[in-house]
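Colleague: For the record, the sequence lines run as chains A and B. First residue of the first sequence: 1, per this note's numbering; consecutive thereafter. First residue of the second sequence: 1, per this note's numbering; consecutive thereafter.
No wet-lab data here; the hints were simulated from the structure. Predicted model only: the values in this text are computed from it and were never measured. Among the clues, some could well be false.
[Stated by the list, open to error] Facing chain A, from chain B, some residues (calculated, C-beta under 8 Å):
no., residue
1, L137
2, S180
3, L220
4, F257
5, E260
Where a beta carbon is used, it is the ideal one built from N, C-alpha and C, also for glycine.
Given next are the chains, with one letter for each unit.
Number of protein chains: 2
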Amino acid sequence: MASIGVVTPQSMHFDAPLPLRSGAALRDYTLVYETYGTLNAARSNAVLVCHALNASHHVAGHYAGQAQDAGWWDNLVGPGKPLDTDLLYVIGVNNPGSCFGSTGPMSPNPDAPGQPYGADFPVVTVEDWVDAQARLLDGLGITQLAAVIGGSLGGMQALAWTLRHPQRVRHCVAVATAPSLSAENIAFNEVARRAIVTDPDFHGGHYQRHGAVPKRGLRLARMIGHITYLSDDVMNTKFGRALRNGELSFSTQDVEFQIESYLRHQADKFAEYFDANTYLLITRALDYFDPAREAGGDLVRAFAPALNNRFLLVSFSTDWRFAPARSREIVKALVDNRIDVSYAEIDAPHGHDAFLLDDARYHGVLRAYFERVAAESR
Amino acid sequence: MASIGVVTPQSMHFDAPLPLRSGAALRDYTLVYETYGTLNAARSNAVLVCHALNASHHVAGHYAGQAQDAGWWDNLVGPGKPLDTDLLYVIGVNNPGSCFGSTGPMSPNPDAPGQPYGADFPVVTVEDWVDAQARLLDGLGITQLAAVIGGSLGGMQALAWTLRHPQRVRHCVAVATAPSLSAENIAFNEVARRAIVTDPDFHGGHYQRHGAVPKRGLRLARMIGHITYLSDDVMNTKFGRALRNGELSFSTQDVEFQIESYLRHQADKFAEYFDANTYLLITRALDYFDPAREAGGDLVRAFAPALNNRFLLVSFSTDWRFAPARSREIVKALVDNRIDVSYAEIDAPHGHDAFLLDDARYHGVLRAYFERVAAESR
């Protein structure tokens, strides 16, 4: 299947402040986004793609001269692909607080001329992102989405759309997600945050002013994250106990096993491009997402606003970060509300990362679902 | 049941170097140990207890004036307890490389007068520890152990006894252990080690010479370890998503959830007493343990030396660090060798930590097994 080809990011500026759940507000801000396919005359075929921790608005295609750097969901979005851009108008947007072009901690702080926000960037939540995305749709002249889709943290945003703006979306496709983080999920996030915050190069979050980057902390955060994205099985299959040099060297500090080499490599790459304050903000947004809490601890009641939305939930058998049981909690809450929901539990070995991979059964489910979405959106 | 009461650690010095698996040797060294109960006239009722990562020779009882600080397996070892010190002579020993009294990285380096070993302490393995323990038994005049027991890394030592000195032990009791670490296990160890090694206070492992302690790294290592000791279930039961102050404060750096507060507290405590070089050494010993590798990748063949030993394996249903499936691998290798083995899979909610806890079914199994050991040892 062909790629969407060369794409160009666009941006939209918003002068009105964005009120945030914390009570604070984000003053004027910019959102960077990309679109693929063509918005039909009825403006009824738009699909919004929400990104997870370290992804962005660059969902599909590639930038001119960078054919090797395809968007993060390029296997899913394009002409003839499950999210078929011959039929659907697909939008990717970078969330505020991120570090890929939209206003975030590395952007100038309007309250501190000449300085970046750094640690003073306000805490943003899944709900705040959804509100920002809704304003982008206003700007694009889209009243109602055919669908919103996301995996992991992106799935939380897709769910939140049906709770905050149910009349503005028809279908919600939430992949490898959860109605809230477990204590263990929060614990892993907390270790990653402590690694960053206690890095002497963090400088309380104002490292840019010090010309520093807390790379040690970012590396550790990425290693922890990476372990939780993979299943024990796939790690054993890919790396097992293979030694890097074929024999033991008896060292506590040097690389001995292939898995160590792999993790260090992933960590080094990540520390080169990701912003530490963004890591803190995004893991906190994950921690805070908890629609049941706002409905008195009742997930069924939380989904009451979504009565007229239709849902597809997808989970993966070996995902221990957002296990199938967590998706089933959502399915149950929807069923109890008599809301239209389909659920696919995909037997895949890749752990949480499976939502990004090109698995035939997984993509088959999405293709079938989006064929219906597209048919309804003509 | 009564505690063993006041106990006193003892020490034994060894002038002969200990040859190590790495090819290096540990020059003269001291082992600290404790004993509980009475060695019978036939010297046939001795049980050796092997410790795991952050434990020591202080298995049971308490030191004079410190009644609140019981040994780490005090619920198991004492008069009338499953490991009944009215019948058995129980020995706890601190392994070389540890930081609780036996020769380790904080001890004077004989090759660098006036300096501690620090990073120059040689890499020690499970097999090296077992050899050191065998020499302690020589010193105590014990030719054959009635049993060797350990949990987790201690279980690996118990297994290694039957492979290296099978004629010196009758029973092997290996709890919550594995025939080798999985790639995921190694990965978690590697993150912990990177946290320590990249702490600017680590100074390449010679932090004592710099008057420094890499506490940031130790804290992170402990947090990661702690998450893997607990089950997702028990974390949700104990902490769930409970907030520390009852309401959200919207902060990326302050404690928001109870689980964060708990982890930080555990981390702070650990960094006060544990040595960073010891952490590196002990996690490496875990990584390296792999009797199958030395038998051409064949775990069945690896256990051939243990033909006349008898085994009890115990695992816990919610232990995802050393899952029941890993114990079953050992059981299968023993059965294939026609070796006498009993196996108990305990349904317990506490994850890997269960091996330290007073669970009725678990302790019932150990009590029954050690009654037989004691009866045979009279």
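Colleague: Next, verify each hint and record whether it holds.
Modeller: To see whether the hints hold, each was checked on the structure:
{"no.": "1", "hint": "L137", "result": "violated, 26 Å"}
{"no.": "2", "hint": "S180", "result": "holds, 6 Å"}
{"no.": "3", "hint": "L220", "result": "holds, 5 Å"}
{"no.": "4", "hint": "F257", "result": "holds, 5 Å"}
{"no.": "5", "hint": "E260", "result": "holds, 5 Å"}
In summary, the one numbered hint that this structure violates is 1.
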